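Enquirer: Letter by letter, the chains look like this.
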Amino acid sequence: MPFNRKHLLGLEELAAEEITTILDTADTFKEISERPIKKVPALRGKTIANVFYENSTRTRISFELAEKRLSADTVSFSKTGSSVSKGETLRDTVENIRAMKVDMVVMRHGSSGAHRFLANFLDASIVNAGDGQHEHPTQGLLDMMTMRQHLGHLDGKNVTIIGDIMHSRVARSNIWGLTKVGAKVTVCGPSTMMPAEIERLGEGGVTVEYDIRKAIAGADAVNILRIQLERQKARLFPSMREYFEVFGVTPEVLESAPKHCIVMHPGPMNRGVEIAQEIADGDRAVILEQVTNGVAVRMAVLFLVAGGSFDSGTPE
Amino acid sequence: MDALQIHRTIMRIAHEIVERNKGVENLILVGIQKRGVPLAERLVVAIEQFEGVRVPVGAIDITLYRDDLQMISQVPIVGETAIKNDITGRVIILVDDVLFTGRTVRAALDELIDFGRPSAIQLAVLVDRGHREFPIRADFVGKNVPTSPNETVEVLLTEIDGEEQVVLGEVVEDTEQAPLERKGVDMPANAKKKVARKPVCGPKAKKTKKGCGKKK
Numbered sequence: 001m002p003f004n005r006k007h008l009l010g011l012e013e014l015a016a017e018e019i020t021t022i023l024d025t026a027d028t029f030k031e032i033s034e035r036p037i038k039k040v041p042a043l044r045g046k047t048i049a050n051v052f053y054e055n056s057t058r059t060r061i062s063f064e065l066a067e068k069r070l071s072a073d074t075v076s077f078s079k080t081g082s083s084v085s086k087g088e089t090l091r092d093t094v095e096n097i098r099a100m101k102v103d104m105v106v107m108r109h110g111s112s113g114a115h116r117f118l119a120n121f122l123d124a125s126i127v128n129a130g131d132g133q134h135e136h137p138t139q140g141l142l143d144m145m146t147m148r149q150h151l152g153h154l155d156g157k158n159v160t161i162i163g164d165i166m167h168s169r170v171a172r173s174n175i176w177g178l179t180k181v182g183a184k185v186t187v188c189g190p191s192t193m194m195p196a197e198i199e200r201l202g203e204g205g206v207t208v209e210y211d212i213r214k215a216i217a218g219a220d221a222v223n224i225l226r227i228q229l230e231r232q233k234a235r236l237f238p239s240m241r242e243y244f245e246v247f248g249v250t251p252e253v254l255e256s257a258p259k260h261c262i263v264m265h266p267g268p269m270n271r272g273v274e275i276a277q278e279i280a281d282g283d284r285a286v287i288l289e290q291v292t293n294g295v296a297v298r299m300a301v302l303f304l305v306a307g308g309s310f311d312s313g314t315p316e
Numbered sequence: 001m002d003a004l005q006i007h008r009t010i011m012r013i014a015h016e017i018v019e020r021n022k023g024v025e026n027l028i029l030v031g032i033q034k035r036g037v038p039l040a041e042r043l044v045v046a047i048e049q050f051e052g053v054r055v056p057v058g059a060i061d062i063t064l065y066r067d068d069l070q071m072i073s074q075v076p077i078v079g080e081t082a083i084k085n086d087i088t089g090r091v092i093i094l095v096d097d098v099l100f101t102g103r104t105v106r107a108a109l110d111e112l113i114d115f116g117r118p119s120a121i122q123l124a125v126l127v128d129r130g131h132r133e134f135p136i137r138a139d140f141v142g143k144n145v146p147t148s149p150n151e152t153v154e155v156l157l158t159e160i161d162g163e164e165q166v167v168l169g170e171v172v173e174d175t176e177q178a179p180l181e182r183k184g185v186d187m188p189a190n191a192k193k194k195v196a197r198k199p200v201c202g203p204k205a206k207k208t209k210k211g212c213g214k215k216k
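In the order they appear, the protein sequences are chains G and L. Mapping the first sequence onto my numbering, position 31 (from 1) lands on 31, and the numbers just tick up by one. Mapping the second sequence onto my numbering, position 41 (from 1) lands on 41, and the numbers just tick up by one.
To be clear, the hints were calculated from the coordinates, so they are not data collected in a lab. Only a predicted model underlies this, so the values are computations on that prediction, with no experimental measurement involved. Treat the hints with caution; some may be incorrect.
[To be verified] Below, a sample of chain L positions facing chain G; criterion: calculated Cβ distance under 10 angstroms:
#1 Asp2
#2 His7
#3 Ile10
#4 Gln70
#5 Ile77
#6 Gly79
#7 Glu80
#8 Ala82
#9 Ile83
#10 Asn85
#11 Leu109
#12 Asp110
#13 Phe115
#14 Gly116
#15 Glu133
#16 Ile136
The C-beta atom is built at its ideal place from N, Cα and C for all residues, glycine as well.
All chains should be modelled from the sequences, with the hints used to inform the complete structure.
Expert: Next comes the structure, spelled out in structure tokens:
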């Protein structure tokens, strides 16, 4: 199914076939990063603004590389040392950038829904690089691409997501993307960080499990989320040590999972908190592959969105 | 052209390639997606039959190098590009099914030189239908099929279409892709195309059981 959308705001509104189209396209784009000249002229002459209101290294660099490899011109704008510290509103900032004839905006913002807000008045294409706790669609897609490479068709596969589900846009995008293509998702984490009614999220819902060994029994892939220090200060868990004891993925814990189960992490990792050193560096972890796939997925998304014209409109 | 004619033509082109290049040394065959790829594979098999050497073969998808990428309304599906050998200093034989305006070949040339610096690039096509818009010509031609701009030439191959023939057709209706169709650039598989495949009378026609269609 051709992908005809003008924006990528999240995975929730996509059809399964659209997700498959993006992943298939990403597979062909991966080869470009292995050529001697890592560039194709597909977006030549297009200008893309990376507008990052939240700190990010890997996502921003990944997008920048994707844009440059498609021959687009890129400008990057981050919150620190910019007009935002002078009190400029989101709308004004972006309209100013737009007045410089920018064709696409890749944005990360701390408020859920910021991108939908922009899409309603901006005629540039908008790609969501993370909005609040809502979605991080390109991360969800690159996670799925990595799983597909190791597990084949995702229909019927079991994926367990472990960590701070409540605050994680990565978890939400994973849940939407995976359930849409028929995978079975289990979420696991401290009850203080498990949102109410999470079992209803996604197409067909997810399973909630608080015992990590039960959560990963039968899992084909485990996706480990980063624990943020701030959550500990907010008393959501007693200490990093205790988190590691109960929810850390160690070689011993991983024995409850099938032998072929792959270990994923969106990064950056807190070694010794959510993931043990030996697992992070071990051969079941595909974390660096995720990063490589990230550039390919973002190239695919930018290419497809640049050619799209369809806007799904404001949700009710 | 029917299956036997296609087969013989491919055998002849294979011989011509080896003759022109005085052997198979330093050759790489590269098929242009989509139908150039199985044609390139068949040429490699044919060359192996009489030379005993298996020439390296690759595939390129030119979608990202198209000159009309910003104009087509449906985003095309990008196929696989696989060139496993270093092409610098070697002779590339580009292979495609139909040569029409030459824009596809132009895109293929631009893409190939991003991979290295070949010593030469030669072009082999199954059908040359005329109407070049760029100064591009084929080195090896299976069959010359003079056409008018509102006709189409489709090559159907077993590997992709499940049947073997070359069909002449006529465009009957304008779709929103019409400007693209008139130029005959390689179309994505998902494009909506309204073509009446009327068998055209004449020596190049495919004879159907119903007999010849109307003469134009």
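Enquirer: Confirm or reject each hint.
Expert: Tested hints:
no. : hint   : in the structure
1   : Asp2   : 33 angstroms, violated
2   : His7   : 31 angstroms, violated
3   : Ile10  : 27 angstroms, violated
4   : Gln70  : 8 angstroms, holds
5   : Ile77  : 7 angstroms, holds
6   : Gly79  : 7 angstroms, holds
7   : Glu80  : 6 angstroms, holds
8   : Ala82  : 7 angstroms, holds
9   : Ile83  : 8 angstroms, holds
10  : Asn85  : 12 angstroms, violated
11  : Leu109 : 13 angstroms, violated
12  : Asp110 : 8 angstroms, holds
13  : Phe115 : 6 angstroms, holds
14  : Gly116 : 7 angstroms, holds
15  : Glu133 : 19 angstroms, violated
16  : Ile136 : 19 angstroms, violated
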